[in-house]
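In the order they appear, the protein sequences are chains Y and A.
The numbers in my numbering rise by one with no breaks, and the one at position 83 of the first sequence is 367.
The numbers in my numbering rise by one with no breaks, and the one at position 72 of the second sequence is 74.
Wrong hints could be hidden among the right ones.
Sample of chain Y residues at the chain A side, in silico, Cβ under 10 angstroms [claimed, not checked]:
no. : residue
1   : Lys293
2   : Lys298
3   : Ser317
4   : Leu327
5   : Val344
6   : Pro345
7   : Tyr348
8   : Glu356
9   : Asp357
10  : Phe374
11  : Phe386
By construction, these hints were calculated from the structure, which means they are not laboratory data.
Just so you know, these numbers come straight off a predicted model, no measurement behind them.
In this text, a Cβ means the ideal position worked out from N, Cα and C, and glycines have one as well.
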Amino acid sequence: NAGVTQTPKFQVLKTGQSMTLQCAQDMNHEYMSWYRQDPGMGLRLIHYSVGAGITDQGEVPNGYNVSRSTTEDFPLRLLSAAPSQTSVYFCASKYRDYNEQFFGPGTRLTVL
Amino acid sequence: AQSVTQLDSHVSVSEGTPVLLRCNYSSSYSPSLFWYVQHPNKGLQLLLKYTSAATLVKGINGFEAEFKKSETSFHLTKPSAHMSDAAEYFCAARSSNTGKLIFGQGTTLQVKP
């Protein structure tokens, strides 16, 4: 198993540009989540999904959209990037009713 | 609202000495508790988890954590630090009613030779 994969690893955007951060898992996990990591703030939940076709907002959803058309993929979209979205983004997945989350390697995003 | 507080943002120890990383949680329910480690430019790796079984939990790489309900704490310990333990450590709690994972702010562990 590849586990949780994320692309790209690094990205630099200009303010106002849009992009999609990709996340995929091959473990047939129902739950998938997106977090952002900022210094001194730990990880904060952006959006999550409990299964294909079902998504919900986390702690800091503004400025981000998600969709879950398949079990494997959970892309995160930035429609109009802002400098405040400069962060490291982690995707995670887990089995339903299991406690352990598996994290991807992260995407380091800089918005100028 | 549930919260997780890591009491130290930075801990420095000498190689071979004990490690203590402190974590307190607030919750109306008995949560599931986790410790994750993040090495530079890497993702998060689960060290150990508490899910209402034994209160002393053993994890990977010689780490342990003890759940103390009376103190609402879940401190991470290791008897003897190794240089490879230098990393950032995150305590997290999973709410039993929402299922969401709440992370602490993180503790950077520095290990000096």
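Worksheet item: Among the hints numbered above, which are violated by the structure, and what are their numbers in rising order?
Response: 2, 5, 6, 7, 8, 9
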